[in-house]
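Trainee: From just these sequences and the hints, can you work out the full model?
The listed protein sequences derive, respectively, from chains S and B.
Be aware that the first sequence starts at 0, since it is given in numbering that gives the first Met the number 0, and climbs by one per residue.
Be aware that the second sequence starts at 0, since it is given in numbering that gives the first Met the number 0, and climbs by one per residue.
None of these hints come from the bench; they were simulated from the model.
Accuracy of the hints is not assured; some may be wrong.
[Said to hold, decoys possible] To spell it out: a stretch of chain B is covered by chain S in this simulated footprint if at least three of its residues, at any positions, have a beta carbon under 8 Å from a beta carbon of chain S; those stretches are: (1) 102 to 113; (2) 142 to 152; (3) 200 to 208.
[To be verified] Anything over 12 Å on all C-beta distances counts as not near chain B; from chain S, calculated: (4) 4; (5) 116; (6) 164; (7) 222; (8) 253.
Keep in mind it's a predicted model, so treat the numbers as computed, not measured.
Heads up, the beta-carbon is just placed ideally off N, CA and C, and yes, glycines get one too.
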Amino acid sequence: MSLDRIAQNQNPDGGWPYRHGASWTEPTAYAVLAFLAAGDATRAQRGIGWLKRMRRSDGGWPACAGVDESGWTTALVALVPPERLGWEEHRGAIRWLLGTTGEESNWVYRLREYLSGNAPPRDQSAPGWPWVPRAAAWVGPTSLALLALDREQARSGAPTKEIDERLNEGRRFLMNRMCRTGGWNHGSVNALGYPADAYPETTGMALAALRGAPPNQMEKPLGVALRFLASCRCADALNWLRLGLRAHQNLPAGYVAPAEIQFRTVPEMAVDALISAGGQGRSPFWVA
Amino acid sequence: MTPRCTRREWLGVTAGPLALVGCAKKPVVVTPSTVTIVRAPAYDQSLYGTVRDILQAHRVDVRGRSVVLKPNLVEFEPGSSINTNPLLVHAAYEAFREMGAARVRIAEGPGHRRNTLDLADAAGYFKIVPGFEDNFIDLNVDEATRVFPKQQLSRLEKLYLPNTVLGADLLVSMAKMKTHHWTGATLSMKNLFGVVPSGIYGWPKNVLHWAGIHECIADLHAALPGRFAIVDGVVGMEGNGPIQGVAKSVGVLVAGSDPIAVDATCCRIMHIDPFRVNYLRLAAGGDARLEEGNVKQAGESIAAVATPFHLIPESRGFRLEKS
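Mentor: Take a look at the structure:
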């Protein structure tokens, strides 16, 4: 059902829009992954063609045509199997991810802060990934980059130290950004010293990226995720909560999504299709 | 109008003779902008007439033109005062249609949540605005064009902005009257952060913070001329705004075609000193346009409706000491 709707939304250029209009990298990458998971290589291939045309010379991907800078969607393209995307493109995406950190991890910024007498806050001790260069790292893009690098490490069969380091740092970044109540928001544990609340979407994303973390560290956020799931009101949150809970084998057995939730965008429909294609403990976002 | 030094310029004199020279050389003459303050005690049907009267009083000519209404949508809390009320937005929608606009659309790009339509649904927009989905544009994923700000105060050399906004003949910023822990107040100008596409810049739109919040607000103000502002002060937010604050009933709408004057007036209503809200001074190019005497008030006076908004300790530096 979702795949039919996604297919109807494909643009003549091979890419996908969020709902309608021009093609964007995020919906195209998710749609490609969904069609590949469903075994529809033909439709996926047209999407891959669009992705290849969007690739930038630095190895990354922009959010959409006309944007002259690579950004967070590079992690999603890196999830497309290299034998489909192309090895050179895949390696370029991984290199781009490895070379990208939040601006607060930049040594120039840190030196400036040091000279200003500002001690680096604890939540800036490990580098994560920004949405776009020259901005701070956040939970969303860090989670996506971790999923891509984790999959790469598992796929390659020959783990590299460089990827291992970024994975460890990224996981530390997420642990440092966990809200006091458990769970995650976009990445601000405090605002002016006032504790900030967690969101369902980002809690699910971070849990998915922290697959394999020690269970005693995940107890609190998993509890938060289960509470969010029970009151979930939107498809994006539902998708990521299911993925996050599955990553830790905590999705309630026989869970059925509330009928009133609407899957309005291509990413929402595609990720739902990807979840349906996997079982408990499995996901197209990681190698079991 | 008699050219004169402001209190601040006077204080500057004590810091050095240069300020005195500057003050004496350049008396600033400002053409007063009209800002209307209207009582609106509740979100009810009377808003429709109130908004229509405001727009007619300002002689907003939208015949044959395209209008984009930009509310402030932040969180899934329908019972709270965090989002611009949908009844007010629908009242503006109907008023512009009656005034002959060729097309009226509602558009927003929230900074925290990715599900704009779900957010709008939870905020009551689907229920209140007939055919909402057909008339709504999610600015976070609208097609965008690279622009180079006319005025560059921030570190942003370029910015991608949604075509829906760039192509509108009139952009109506329909902000909520709220305190803001970083900037003092979030009103019609800060509301422009919502036009910056998160599909490109992410959630939150952190690139704007790194480039300077105040400077970016001023740059966006310069990049998007052709605006009208209607601030929802029926129920605002005080305390730790713009998200974690509490409801504050004010019972007013504040409107005008000069967003700087509208926001400065809102600040005074909230007992926030507009001269201490840096983005207002940057956008205004100094203090003169912010002077109360340089804003022509219509409708209620500020004194008649002013009510101090609670400020968290970290924001008390924004407090208006005397009105």
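Trainee: A separate judgement is required for each hint: does it hold in the structure or not?
Mentor: Now for the hints, and whether the structure bears them out:
Using a Cβ-Cβ cut-off of 8 Å, 3 residues of the stretch 102 to 113 of chain B lie near chain S, which meets the minimum of three, so the contact claim holds. Coverage of the stretch 142 to 152 of chain B by chain S holds. Counting CB-CB distances below 8 Å, 4 residues qualify, and the rule asks for three or more. For the stretch 200 to 208 of chain B, the stated coverage by chain S is satisfied: 7 residues place a CB nearer than 8 Å to a CB of that chain, which reaches the threshold of 3. Chain B leaves residue 4/S outside its interface by the beta-carbon criterion, the shortest separation being 16 Å against a cut-off of 12 Å.
At roughly 19 Å from the closest C-beta of chain B, the C-beta of residue 116/S stays outside 12 Å, upholding its exclusion from the interface. For residue 164/S, the shortest C-beta to C-beta distance to chain B comes to about 24 Å, beyond the 12 Å cut-off, and the non-interface label holds. Its beta-carbon lying about 20 Å from the closest one in chain B, residue 222/S satisfies the requirement of being farther than 12 Å from that chain. Annotated as non-interface, residue 253/S keeps its C-beta farther than 12 Å from every C-beta of chain B; the closest such distance is 25 Å.
Consistency note: the structure conflicts with none of the earlier hints.
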